Amino acid sequence: MLKIIWSPFAPVAGLPPLTPTVLAETLDGGQAFRWHREPLKNVGRVPSPGIPSETFLGQWSDSIARLRLAPEGTLEFSAPAALAPHVALALPRYLATDRDWSALTDSLPWRSDAHLARCLAAFPGLRILRQPFGETLLGFLCSATKQIVQIKQMLTLLAERHGGSVVERVDPNALSNLAANPNPRVEVNPLHRLPTWPELAHIPEASLRACQFGFRAGYIHQTARFLAARPGWLDETEALPYPAAKTRLLELPGVGEKIADCVLLFGTGRLEAFPVDTWILQAMAARYGLTGWKPAQVAQFGRAHFGPLAGLAQQFLFAYERRQARGG
DNA sequence: TGACAGGGGGTGT
DNA sequence: ACACCCCCTGTC
1343 MLKIIWSPFA
1353 PVAGLPPLTP
1363 TVLAETLDGG
1373 QAFRWHREPL
1383 KNVGRVPSPG
1393 IPSETFLGQW
1403 SDSIARLRLA
1413 PEGTLEFSAP
1423 AALAPHVALA
1433 LPRYLATDRD
1443 WSALTDSLPW
1453 RSDAHLARCL
1463 AAFPGLRILR
1473 QPFGETLLGF
1483 LCSATKQIVQ
1493 IKQMLTLLAE
1503 RHGGSVVERV
1513 DPNALSNLAA
1523 NPNPRVEVNP
1533 LHRLPTWPEL
1543 AHIPEASLRA
1553 CQFGFRAGYI
1563 HQTARFLAAR
1573 PGWLDETEAL
1583 PYPAAKTRLL
1593 ELPGVGEKIA
1603 DCVLLFGTGR
1613 LEAFPVDTWI
1623 LQAMAARYGL
1633 TGWKPAQVAQ
1643 FGRAHFGPLA
1653 GLAQQFLFAY
1663 ERRQARGG
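Using the working numbering, you'd call the opening residue of the first sequence number 1343 and step up by one each time.
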């Protein structure tokens, strides 16, 4: 059995106190697809005061972290001991602690928009992650007509089969199990990172299909080949201003308006990006009377109505609408 | 318990 | 407007 020595939980500086709901929405609400709730030992019990919240296990680039909330709402992290110093440096960037999210949120037009005010009040402290650009592109290329759980499964399989090892230990049982069973149940395997785009360029499309990618396998394969032929293209795109960056992303096969905006919002923190998916379409129809509007029209309305931080507003609307749909 | 529809956070033609 | 893939979810 594989054993990882985890560092003791330590506070992450630079964040306000959070509720478990907001932490879950931030990590597992559709911005990122590499966070998994860890099984709770006291399943079925009401969370008691004085004990930490449930733990999320997640990965990005070469980082692996466990995140939880102390009773008073302080975010705490733990990492594989050998990685802990690296993760301690990488976490603030990932969580975008260099930005004042309270001030950014306060500058949204909630004073003149009662529904937006409701959404902000429902998820206080919600923020936009700053994820690795290439991984964000990969994640959202998988997202077409897929729900979060399914996207997470695809990426887990891809990482297990084609991703490099982050922790320098291999579990022989896991490897033999994988070889013996062509269709293993998806489990969280904290050893493997996502393949990089240069690595993806060497993976046959059929192997991607075997990771449950379906018709998205072609998009990912073609995008990988496109990027392989253009060294530096992705880094240049990340550095470009929002409109130019979006134009370039739209050149990629499988990337349309929505995915381009998601990559720029969740991968580079471009808060002017306003992704319009079916949830936002539904929310804007129900809450703002935009019944029958097309995505491009809703996007234009959103930018005009919510202003230069429209993408942040979008995340609150999104979280609220999903909660309503679940019967929260 | 197990089969069976229905539909899914989009893009390309 | 419809195909593209195929897994998850709810339901019987």
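Everything labelled a hint here was simulated from the structure, so no lab data went into it.
All values derive from a computational prediction rather than experimental measurement.
Warning: the hint list may mix true and false statements.
Said to hold, decoys possible - Pairs of lysine-lysine residues, derived as BS3-like cross-links and limited to a Cα-Cα distance of at most 27 angstroms, are as follows:
1) K1488 - K1345
2) K1488 - K1588
3) K1488 - K1636
4) K1636 - K1600
5) K1636 - K1588
6) K1600 - K1588
Indices of hints not satisfied (ascending) | 1
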